[in-house]
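Given these sequences and hints, build the entire structure.
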Amino acid sequence: MKKKLWRIAGGILGALIITGALSLYFVWQNQLGKAPDLDPANRELWKSQAYHYILETDYQHVTLYNYTASSVLPFAYGHMEQDGTVWIDKLHGNALLNLFMWSPMPIGRFQNGELIDDIGYTKHFERIDDMPEAGINRFSKDPVQSFETFWRIFDENYALFEIHPADWKKLYEEYRTQVTSDTSDKELKRIFKEMLQQLNDGHTQVIVGMKGISSKAEEDPRTMFYRNHSKEIKEIIRKTYFPEGLNRQLGGDIRYGLTEQGIGYVAVDSLDHFDMKEVNPALDQVVQHVSGADRIIVDLRLNGGGSDAFGLALASRFASGETLAYTKTARHDAEYASFLPPTPIYIEPSEQRFTASKVIVLTSRLSASAAETTRMAFGELDNVTVIGETTYGIFSDMMFGILPNQWFVTLSGEKYTDASGTSYEGAGIPPDAEVIYTEVDLDAGRDPVMAKAIELAE
Numbered sequence: 001m002k003k004k005l006w007r008i009a010g011g012i013l014g015a016l017i018i019t020g021a022l023s024l025y026f027v028w029q030n031q032l033g034k035a036p037d038l039d040p041a042n043r044e045l046w047k048s049q050a051y052h053y054i055l056e057t058d059y060q061h062v063t064l065y066n067y068t069a070s071s072v073l074p075f076a077y078g079h080m081e082q083d084g085t086v087w088i089d090k091l092h093g094n095a096l097l098n099l100f101m102w103s104p105m106p107i108g109r110f111q112n113g114e115l116i117d118d119i120g121y122t123k124h125f126e127r128i129d130d131m132p133e134a135g136i137n138r139f140s141k142d143p144v145q146s147f148e149t150f151w152r153i154f155d156e157n158y159a160l161f162e163i164h165p166a167d168w169k170k171l172y173e174e175y176r177t178q179v180t181s182d183t184s185d186k187e188l189k190r191i192f193k194e195m196l197q198q199l200n201d202g203h204t205q206v207i208v209g210m211k212g213i214s215s216k217a218e219e220d221p222r223t224m225f226y227r228n229h230s231k232e233i234k235e236i237i238r239k240t241y242f243p244e245g246l247n248r249q250l251g252g253d254i255r256y257g258l259t260e261q262g263i264g265y266v267a268v269d270s271l272d273h274f275d276m277k278e279v280n281p282a283l284d285q286v287v288q289h290v291s292g293a294d295r296i297i298v299d300l301r302l303n304g305g306g307s308d309a310f311g312l313a314l315a316s317r318f319a320s321g322e323t324l325a326y327t328k329t330a331r332h333d334a335e336y337a338s339f340l341p342p343t344p345i346y347i348e349p350s351e352q353r354f355t356a357s358k359v360i361v362l363t364s365r366l367s368a369s370a371a372e373t374t375r376m377a378f379g380e381l382d383n384v385t386v387i388g389e390t391t392y393g394i395f396s397d398m399m400f401g402i403l404p405n406q407w408f409v410t411l412s413g414e415k416y417t418d419a420s421g422t423s424y425e426g427a428g429i430p431p432d433a434e435v436i437y438t439e440v441d442l443d444a445g446r447d448p449v450m451a452k453a454i455e456l457a458e
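Sequential numbering from 1 applies to the sequence shown in the working numbering.
These aren't lab readings, by the way, just hints derived from the structure by calculation.
Among the clues, some could well be false.
Only pairs whose alpha carbons sit at most 25 angstroms apart, straight line, appear in this in silico PhoX-like list of lysine-lysine [to be verified]:
| no. | residue 1 | residue 2 |
| --- | --- | --- |
| 1 | K186 | K211 |
| 2 | K452 | K231 |
| 3 | K216 | K186 |
| 4 | K141 | K189 |
| 5 | K169 | K186 |
| 6 | K169 | K193 |
| 7 | K239 | K452 |
| 8 | K452 | K234 |
| 9 | K452 | K358 |
| 10 | K193 | K141 |
| 11 | K170 | K216 |
| 12 | K211 | K141 |
| 13 | K34 | K141 |
| 14 | K216 | K189 |
| 15 | K211 | K193 |
| 16 | K34 | K47 |
| 17 | K216 | K193 |
| 18 | K34 | K211 |
| 19 | K170 | K189 |
| 20 | K189 | K211 |
| 21 | K358 | K234 |
| 22 | K169 | K189 |
| 23 | K193 | K170 |
| 24 | K186 | K141 |
| 25 | K169 | K216 |
| 26 | K170 | K186 |
Fair warning: this is a prediction, and the values are worked out from it, not measured in the lab.
Listed below in structure tokens is the structure:
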């Protein structure tokens, strides 16, 4: 009897193991990122002006390719809604990245060769009949092909060689001889890392699985201070100014409330929400709760970036009229300093907005990317004062590419300038008044930046 029970238990356990394995297999396959089946009768190819993208679509499914003079490879798959909105659902071939780090993302509305995103920036495409001829048009383990594609993606697209002045052609000569068909993945990673660190650009990396090979040799100590102590900083603010707690939106990425003095506080800790159908209602809830405040503090110190559209939508709740926020352009030629004409990006006042006479914006060295374009936008509003520290200094969208070995690269393919034409790429935007948060302040349970903001608001 005991043996029979053990056989039954063993059979059940075996069935569970098989079921679990099959479930994991199907989850893995679902997250792997594969080309959709396009309707041949409706299939079209569109080649971008700048960016080196090719969009393949039947107006239901979408495949995005990146191409160079010697390669053309698919890197992302998605779908198109009836109004032309293109969603990137998965990246090619990386199940771990898709499962744990990637969420479906809208990249704009595609109509008649124009892909217009949520900030009004347009990527222009021209219809083509066939894919460009390329020697590298399928995935391969060949390290030489991956090196060549890696180098060309940057040579043909990287927009900031004048700001991060690596001699990219000289680097090719130096490292190409180190790569052969026998080069190991470990060696190739080392080579890419050494080349990327010549750029020292926080938006530039190689992604292998879920690990990034960073272009930054080391992080700024002030960036690390805010990153390492974000929980303590939040708790000090709560205890000091909001003992009953703060309201939250978007999973806690927006925290807001009123101080005892009636000063509004809106902390946006992440702009990593790309669906404006979710963002706008959340911001409207914040406005309704804090709308009575005549003085408002907007805290961007813990914000590492995300969606420019989210940042503009936030600024639009404080604008009384259409205001030029910044301009944006993309690298457009073999010449490193050749760019498309800049596109002006505007703050459009929201129907639901604050009427505060005084707005204090807080920034730090952790305020990066879309948090910096948000700071740019706020800087153009007349009633805004910015305090804290200089921002991180990375503005361009992260342009994605893929190598034949299925490693991803990201790079800065664009240039942003403020309304007066000044670029802060690599340097960051300084505040109107600098206030440094120190370890001594943290240990004492005080926030000198918030204290200064309260003082200015009173």
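To see whether the hints hold, each was checked on the structure:
no.	hint	result
1	K186 <-> K211	holds, 13 angstroms
2	K452 <-> K231	holds, 20 angstroms
3	K216 <-> K186	holds, 19 angstroms
4	K141 <-> K189	holds, 14 angstroms
5	K169 <-> K186	holds, 23 angstroms
6	K169 <-> K193	holds, 16 angstroms
7	K239 <-> K452	holds, 17 angstroms
8	K452 <-> K234	holds, 16 angstroms
9	K452 <-> K358	holds, 14 angstroms
10	K193 <-> K141	holds, 19 angstroms
11	K170 <-> K216	holds, 20 angstroms
12	K211 <-> K141	holds, 19 angstroms
13	K34 <-> K141	holds, 18 angstroms
14	K216 <-> K189	holds, 15 angstroms
15	K211 <-> K193	holds, 13 angstroms
16	K34 <-> K47	holds, 21 angstroms
17	K216 <-> K193	holds, 9 angstroms
18	K34 <-> K211	holds, 21 angstroms
19	K170 <-> K189	holds, 19 angstroms
20	K189 <-> K211	holds, 11 angstroms
21	K358 <-> K234	holds, 23 angstroms
22	K169 <-> K189	holds, 19 angstroms
23	K193 <-> K170	holds, 16 angstroms
24	K186 <-> K141	holds, 13 angstroms
25	K169 <-> K216	holds, 20 angstroms
26	K170 <-> K186	holds, 23 angstroms
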